[in-house]
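*Asks:* Okay, here's what each chain looks like letter by letter:
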Amino acid sequence: MVMRIDATDLHYTPLNRQVREAVAAGEDEIVLEHVLGQRFIADGLVGEVTLTVNGVPGGDIGMFMRGPTVFVHGNADHAPGNTMEAGRLVIHGSAGDAVAHSMRGGMVFVRDDIGYRGGIHMKAYNARHPYLVVGGEARAFLGEYMAGGTILLLRRGSKEPFAERGLASGIHGGEIYVRGEVDDRCLAVGAVKKPFGEEERTRIRPLVEEYCRHFGCDAASLLADEYTRIGPASARPFAGKYTWE
Amino acid sequence: MCGIISVVDRSGAAMDGARIKDALSMMNERGSGEGAGYAVYGAYPEYADCYALHVFFDNIIETKASLDTLLETWGAIVHEEEIPTYEQPRLKKVHTPWRYFFRPDASLMTGTPSPEEDIVTYLVMKVNTTIPGTLIYSSGKNIGVFKAAGWPEEVADFYRIQDYKGYIWLAHNRYPTNTRGWWGGAHPFNLLDWSVVHNGEITSYGTNRRYIESFGYKCTMFTDTEVVAYLVDLLARRHGLDDELAVRALAPPFWDEIDEMPEREKDLYRAIRLTYGSAMMNGPFAIVVANRDGIVGFTDRIKLRPLVAAEEGDRLYISSEEAAIRRMAPELDRVWMPGAGEPVIGRVR
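Chains Z and S, in that order, give the protein sequences.
Per my numbering, the very first residue in the first sequence carries number 1; after that it's consecutive.
Per my numbering, the very first residue in the second sequence carries number 1; after that it's consecutive.
Rather than coming from a laboratory, the hints here were simulated on the basis of the structure.
Positions of the beta carbon are idealized from the N, C-alpha and C atoms, including for glycine.
Treat the hints loosely; a few may be bogus.
What follows is a list of derived Cβ distance ranges for each label pair [to be verified]: (1) S:78 with Z:8: 54 to 60 Å; (2) Z:13 with S:59: 20 to 26 Å; (3) Z:86 with S:222: 46 to 52 Å; (4) Z:48 with S:11: 48 to 54 Å; (5) S:203 with Z:201: 16 to 22 Å; (6) S:179 with Z:13: 45 to 51 Å; (7) Z:194 with S:336: 54 to 60 Å; (8) Z:216 with S:11: 34 to 40 Å; (9) S:333 with Z:13: 55 to 61 Å; (10) Z:218 with S:282: 35 to 41 Å; (11) Z:6 with S:114: 54 to 60 Å; (12) S:336 with Z:73: 16 to 22 Å; (13) Z:163 with S:32: 36 to 42 Å; (14) Z:73 with S:76: 56 to 62 Å.
Covered stretches of chain Z, as calculated for chain S (at least 3 residues, CB under 8 Å) [claimed, not checked]: (15) 32–40; (16) 212–221.
Quick partial rundown of chain S residues pointing at chain Z, CB under 10 Å, derived from the structure [said to hold, decoys possible]: (17) 14; (18) 18; (19) 60; (20) 302; (21) 308; (22) 326; (23) 327; (24) 333; (25) 343.
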């Protein structure tokens with residue numbers, strides 16, 4: 001049984017309270033209708049629930065979330081998947097700045113474009129490994145201060161080499177895959193290009209396949225293309241910035 | 001953090017203030033209830049040829065007479081009245097908003113191609129620095145700024161903003177961070193034709209202020225956004241830069257980007273950076289500037305504040321959040337996030 005909540009003119013506090021109460025009562029499929037600007041949806045939500053958001057949610061959707069799957073049918077605002085722990089966030093649209101900010105587990109899929117500083121400060125530890133998959137374009141400072149996890153940028157519809165400044169600025173862990181070429185001038189402090197071979201292609205295969213499952217596209221042709229892989233030059237890019245050894 | 005929403009109808013058709021109030025109130029999370037305001041272009045068609053001076057008086061009895069005398073020295077007061085306000089439970093009326101429809105006497109200001117505007121600018125600076133308890137915060141033709149210390153919906157209801165109509169609206173929800181919240185510090189900031197709403201901080205305020213004060217402007221409102229209104233007046237009105245170049249002077253491309261440009265462009269941008277080095281604004285910001293011809297939105301060069309643009313027919317919207325735009329216009333033809341430092345321009349035809 002699908003539970004529906006009408007979010008028309010509802011402030012985010014009562015809306016999110018209703019969602020938490022429904023999950024606590026054992027609902028496993030919840031649909032939020034007419035969402036417009038409500039922040040913090042599914043924040044800190046734990047469990048196996050599937051939440052569908054119809055509309056344009058406010059910022060920080062899925063923050064600290066651990067387990068649920070959230071489908072957004074609309075554009076997300078800033079920082080979807082902020083510090084997310086586990087679960088899936090699937091955005092049928094685009095997203096604002098700082099997507100997957102400090103994310104430490106789970107998966108975020110964005111069908112179209114994201115703004116600036118996507119994947120800033122993503123991290124991985126023990127079994128936790130976050131994934132951010134973006135179908136369109138990303139703007140500057142993608143993977144800034146990245147400490148772990150994987151970012152995959154598919155750039156569907158773009159032919160020119162990726163040319164946004166500050167790519168992986170201060171990266172010291174994790175990796176970024178960009179379909180096609182990346183202009184060398186984009187690489188910021190601590191970021192280097194690394195070889196992309198069959199082993200790496202195998203690593204991104206499930207991500208591309210899942211992206212295509214969500215949004216309906218041809219995984220084989222995306223996987224047949226060449227990718228640029230970006231990683232950290234060292235684990236401590238700023239070791240010599242403030243101290244001298 | 002602050003919230004911005006603005007709209008221009010490029011056909012010049014009038015919109016009332018009811019929907020922008022709802023849209024701004026949706027972003028209450030971006031404010032703290034210490035400042036909100038609205039600017040409307042086309043507010044006073046019956047006095048379209050007069051400068052509409054909006055004034056906050058601390059005390060009508062003691063301060064108003066000196067302003068009246070000063071205005072009569074420099075021109076004629078065609079009409080004046082208290083701006084109608086409506087008591088709100090949580091909004092304390094600490095100032096009395098007043099409006100004058102003023103016609104400056106151009107023969108009194110010599111040696112300038114724009115005597116009327118120079119008289120009004122002179123009066124704004126003179127009044128705000130020398131008549132205590134009197135602040136002119138809006139001084140354009142057919143333009144009105146309505147602002148106070150409160151939440152967006154309270155300020156809107158205080159002025160009954162839905163009763164005003166215009167083809168451009170700017171609205172702002174303030175979260176003061178570096179200076180206290182007060183009526184004069186609420187946005188929009190206005191001088192003559194120019195109005196500005198701003199989310200962020202101008203960390204170069206000291207440099208910008210020293211620069212702009214060397215041209216006779218005086219910063220009196222204890223907040224960084226004021227300097228943006230004066231910079232735009234200097235660059236666009238007095239120096240004649242077009243919208244695009246004025247934005248490029250305030251938020252110029254990086255030197256490494258200039259180095260990659262074709263020769264002609266390289267020369268132009270180098271010249272702008274060298275000429276207007278002290279006008280360049282640093283720090284995080286998203287700004288919308290309006291004049292009677294349209295609106296321009298832009299952010300700092302590394303995009304430290306949000307800005308979303310959208311179109312629906314003749315209307316161009318610029319806001320901090322897409323949801324706020326959709327509150328005004330649920331079905332949009334196009335929604336996009338402008339690049340850092342890239343101006344989004346909506347001109348009235």
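*Asks:* Each hint should be assessed against the structure and marked as holding or not.
*Replies:* Results of checking the hints against the structure:
The given range of 54 to 60 Å is broken by residue 78 (chain S) and residue 8 (chain Z), whose C-beta atoms sit roughly 47 Å from each other. Between residue 13 (chain Z) and residue 59 (chain S) the CB atoms are about 41 Å apart, so this pair departs from the stated range of 20 to 26 Å. At roughly 47 Å, the beta carbons of residue 86 (chain Z) and residue 222 (chain S) sit within the given window of 46 to 52 Å. Hint check: residue 48 (chain Z) to residue 11 (chain S), Cβ distance near 52 Å, so the stated range 48 to 54 Å holds.
For the pair residue 203 (chain S) and residue 201 (chain Z), the beta carbons lie near 45 Å from each other, so the given range of 16 to 22 Å is not met. At about 30 Å, the CB distance of residue 179 (chain S) to residue 13 (chain Z) disagrees with the hint of 45 to 51 Å. For the pair residue 194 (chain Z) and residue 336 (chain S), the beta carbons lie near 33 Å from each other, so the given range of 54 to 60 Å is not met. Look at residue 216 (chain Z) against residue 11 (chain S): about 39 Å separates their beta carbons, and that is inside 34 to 40 Å.
Judged by the Cβ atoms, the range 55 to 61 Å given for residue 333 (chain S) and residue 13 (chain Z) is violated: they are separated by roughly 33 Å. Here the CB-CB span from residue 218 (chain Z) to residue 282 (chain S) is close to 46 Å, at odds with the stated 35 to 41 Å. The hinted window of 54 to 60 Å between residue 6 (chain Z) and residue 114 (chain S) holds, with their beta carbons roughly 55 Å apart. The supplied range of 16 to 22 Å is met by residue 336 (chain S) and residue 73 (chain Z), whose beta-carbon atoms lie about 19 Å from each other.
Between residue 163 (chain Z) and residue 32 (chain S), the C-beta spacing of about 39 Å keeps the proposed range 36 to 42 Å intact. Judged by the Cβ atoms, the range 56 to 62 Å given for residue 73 (chain Z) and residue 76 (chain S) holds: they are separated by roughly 59 Å. As drawn, the stretch 32–40 of chain Z meets chain S at 3 residues by the rule of a beta-carbon pair under 8 Å; at three or more, the given contact holds. With 0 residues having a Cβ less than 8 Å from any Cβ of chain S, the stretch 212–221 of chain Z misses the three-residue criterion, and the hint is violated.
Residue-level restraint check for residue 14 (chain S) is violated (minimum Cβ-Cβ distance to chain Z is 25 Å; threshold 10 Å). For residue 18 (chain S), the suggested interface contact is broken, since its CB lies about 15 Å from the closest CB of chain Z, more than 10 Å. With its C-beta approaching chain Z no nearer than about 40 Å, residue 60 (chain S) sits outside the 10 Å limit, and its interface hint is violated. Because the closest C-beta pair between residue 302 (chain S) and chain Z is about 7 Å apart, less than 10 Å, the hint holds.
The beta carbon of residue 308 (chain S) comes within 8 Å of a beta carbon in chain Z, closer than 10 Å, and the hint placing it at the interface holds. Because the smallest distance between the Cβ of residue 326 (chain S) and any Cβ of chain Z comes to about 6 Å, under 10 Å, the interface hint for this residue holds. With 10 Å as the threshold, the beta carbon of residue 327 (chain S) comes within range of chain Z, its nearest partner Cβ sitting at about 6 Å, so the hint holds. Because the smallest distance between the Cβ of residue 333 (chain S) and any Cβ of chain Z comes to about 14 Å, over 10 Å, the interface hint for this residue is violated.
The interface hint given for residue 343 (chain S) is violated, since its Cβ lies 16 Å from the closest Cβ of chain Z, which is over the 10 Å cut-off.
Consistency with the previously given hints fails for numbers 1, 2, 5, 6, 7, 9, 10, 16, 17, 18, 19, 24, 25, ordered from lowest to highest.
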